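Those sequence lines, one after another, are chains A and B.
FYI, in our numbering the residues of the first sequence are 60 to 351.
FYI, in our numbering the residues of the second sequence are 60 to 351.
Treat the hints loosely; a few may be bogus.
Chain copies aren't distinguished; within one or between two, either way the pair holds.
Think about it this way: if two alpha-carbon atoms lie no more than 16 Å apart in a straight line, the pair counts; the simulated EDC-like pairs of lysine to aspartate or glutamate are [as the list claims (entries may be wrong)]: (1) K82 with E328; (2) K251 with D205; (3) K82 with E323; (4) K102 with D141.
Worth flagging that the hints you see were computed from the coordinates, not collected in a lab.
Computed from a prediction, not measured in an experiment: that's the story for all the values here.
2 protein chains.
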Amino acid sequence: MRLPEMTRATVPLTQEVQAIDEKGRRSLIHIPAERPLTVYVDKRELVTLMTLGGAPEALVLGYLRNQRLVRSLEEVAAIHVDWSVGAAAVRTRGGVADIEERTARKVVTTGCGQGSVFGSLMEEVDDIVLPPEARLRQSGVYRIVDTIRTLQSIYKQAGSVHGCALFTREGELLYFVEDVGRHNAVDAIAGKMWLDGVQGGDKVFYTTGRLTSEMVIKGAQMSIPFLLSRSGTTQMGHSVATRLGMTLLARCTGRHFLLLTSPERLILEPVSTLGSDPKVDTGWAGSADGVA
Amino acid sequence: MRLPEMTRATVPLTQEVQAIDEKGRRSLIHIPAERPLTVYVDKRELVTLMTLGGAPEALVLGYLRNQRLVRSLEEVAAIHVDWSVGAAAVRTRGGVADIEERTARKVVTTGCGQGSVFGSLMEEVDDIVLPPEARLRQSGVYRIVDTIRTLQSIYKQAGSVHGCALFTREGELLYFVEDVGRHNAVDAIAGKMWLDGVQGGDKVFYTTGRLTSEMVIKGAQMSIPFLLSRSGTTQMGHSVATRLGMTLLARCTGRHFLLLTSPERLILEPVSTLGSDPKVDTGWAGSADGVA
Numbered sequence: 060m061r062l063p064e065m066t067r068a069t070v071p072l073t074q075e076v077q078a079i080d081e082k083g084r085r086s087l088i089h090i091p092a093e094r095p096l097t098v099y100v101d102k103r104e105l106v107t108l109m110t111l112g113g114a115p116e117a118l119v120l121g122y123l124r125n126q127r128l129v130r131s132l133e134e135v136a137a138i139h140v141d142w143s144v145g146a147a148a149v150r151t152r153g154g155v156a157d158i159e160e161r162t163a164r165k166v167v168t169t170g171c172g173q174g175s176v177f178g179s180l181m182e183e184v185d186d187i188v189l190p191p192e193a194r195l196r197q198s199g200v201y202r203i204v205d206t207i208r209t210l211q212s213i214y215k216q217a218g219s220v221h222g223c224a225l226f227t228r229e230g231e232l233l234y235f236v237e238d239v240g241r242h243n244a245v246d247a248i249a250g251k252m253w254l255d256g257v258q259g260g261d262k263v264f265y266t267t268g269r270l271t272s273e274m275v276i277k278g279a280q281m282s283i284p285f286l287l288s289r290s291g292t293t294q295m296g297h298s299v300a301t302r303l304g305m306t307l308l309a310r311c312t313g314r315h316f317l318l319l320t321s322p323e324r325l326i327l328e329p330v331s332t333l334g335s336d337p338k339v340d341t342g343w344a345g346s347a348d349g350v351a
Numbered sequence: 060m061r062l063p064e065m066t067r068a069t070v071p072l073t074q075e076v077q078a079i080d081e082k083g084r085r086s087l088i089h090i091p092a093e094r095p096l097t098v099y100v101d102k103r104e105l106v107t108l109m110t111l112g113g114a115p116e117a118l119v120l121g122y123l124r125n126q127r128l129v130r131s132l133e134e135v136a137a138i139h140v141d142w143s144v145g146a147a148a149v150r151t152r153g154g155v156a157d158i159e160e161r162t163a164r165k166v167v168t169t170g171c172g173q174g175s176v177f178g179s180l181m182e183e184v185d186d187i188v189l190p191p192e193a194r195l196r197q198s199g200v201y202r203i204v205d206t207i208r209t210l211q212s213i214y215k216q217a218g219s220v221h222g223c224a225l226f227t228r229e230g231e232l233l234y235f236v237e238d239v240g241r242h243n244a245v246d247a248i249a250g251k252m253w254l255d256g257v258q259g260g261d262k263v264f265y266t267t268g269r270l271t272s273e274m275v276i277k278g279a280q281m282s283i284p285f286l287l288s289r290s291g292t293t294q295m296g297h298s299v300a301t302r303l304g305m306t307l308l309a310r311c312t313g314r315h316f317l318l319l320t321s322p323e324r325l326i327l328e329p330v331s332t333l334g335s336d337p338k339v340d341t342g343w344a345g346s347a348d349g350v351a
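This is chain A alone, in the form it adopts within the complex (with noise of 0.2 Å):
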């Protein structure tokens, strides 16, 4: 397998800003950048995503894959990213058929961050099948649940990005990426297992966003079973896991979470089992995005 040459191009994931608050007191916070990010193929514009930039190659993989825009870590040459011009070169060894054709249908989505899905996604999901033993124990989301909490992160520093994991079933983090769009996060994530060769369906993914349609569809797409959120779902999240059979849980925190599609695919434990509920979390829980 060849890969894509690629740049590591990195910058500044935060910025120190001055903020006044009710009693008059100056203070300085962190705040997380956004930039944009013009995404060139084959010389080509074909989008400008508002990044953080926390890993920008992944994320022009990752997208390209989830909008089934390259269909194959090979037909990719190399991503090139240059902050200084806000911009990431992707040279195909093939080009990209119907370019055109593919993103001129355009679908806003409800997610943070990436909004469009290009062309008939929606068509797409019934021809995805989730392998239908995957199974996932209690003890396996609360280790997930934990590890999140104790992570290190952008949002701990400057909050105001969203964060994606992908797991294995036992509780191992394998990628954790942070954005200002949660579609990039998930996105980044899809580059990086390409990258590494991972396959979703033995894996867990983890958003601290919501379990949006959209997301729902980027996680079939990387063929993973179980979606894990802190926050809520919506009917049409709802309705297509469950026409995918894929395993959702909402509202997971400390040692609650809601089981909502599929749920012959977790297995109960009997909470003494388990360990006790761990103090107030201190990382994602603390905030008040007013969506949960």
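Starting from the structure of chain A, add chain B where the hints point.
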């Protein structure tokens, strides 16, 4: 002024689904609707918005306004929403000039919801002048926060939606819109403002979501000098607001806030004169989307 002829399409905004918690207990919970609404302008397909569906006509109108596809309400002859086919048919009086060209450039933004800003809105920002004399009192901020806290909402029933609101500087609520995509909520308010001839220059905009670049730009397009959020901001939201002389207040909850930009617009008052902190916020503050 001729108002557009419009439907008043309604559709259920929540759905009951079954959930199983960590102890195996079953319950019914409410989740918000999320449905596609495909917008046709003079029979040409423009975009598909994923929306809750609470204010579809205002959403479509505000979308056209904030994307600068129509410049005045007079240009819009009719907006017909038909939920049975998920379509909004817009008829204009004179057509939309250069619609092909103006919808060709795609920026996938940070926001929840409507992710795409067509064209070169960023370049327009420098032409926007917010009223330099507009001021907001600290007591007005608290009235706004208290009003939001006590509103009946889809959020309280079902979670997983964003709320946006327009207030007078005295704290009077003019509009409140919820949507699964927060940019839809902003656009719907922009549509309502147009229909009612409401100007933004002496108003305050409140959002449960983050103050990203796109939120700041949309606020500026409506000429609103004050943006309040219970969440945080991003570097680009902050820098665009600074350039515009727009006042951002982040982390507005209870009696707390962080004033981030154009501090001269806010009149701080002795906290002792402002009443005590209300009890724990039982409304939006109970959330945990992971992004604040």
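Q. What label fits K82 with E328 when the C-alpha limit is 16 Å: within, between, both, or neither?
A. between (49 Å within a copy, 8 Å between copies)
(Q) If the cut is 16 Å between Cα atoms, do K82 and E323 qualify within a copy, between copies, both or neither? (A) between (53 Å within a copy, 15 Å between copies)
Q: Could you place K251 and D205 in one of the four classes (within, between, both, neither) given a Cα distance threshold of 16 Å?
A: Answer is neither: 23 Å inside a copy and 44 Å across each miss the 16 Å cutoff.
Q: State whether the alpha carbon distance between K102 and D141 is at most 16 Å within one copy, between copies, both, or neither.
A: within (14 Å within a copy, 41 Å between copies)
In summary, the one numbered hint that this structure violates is 2.
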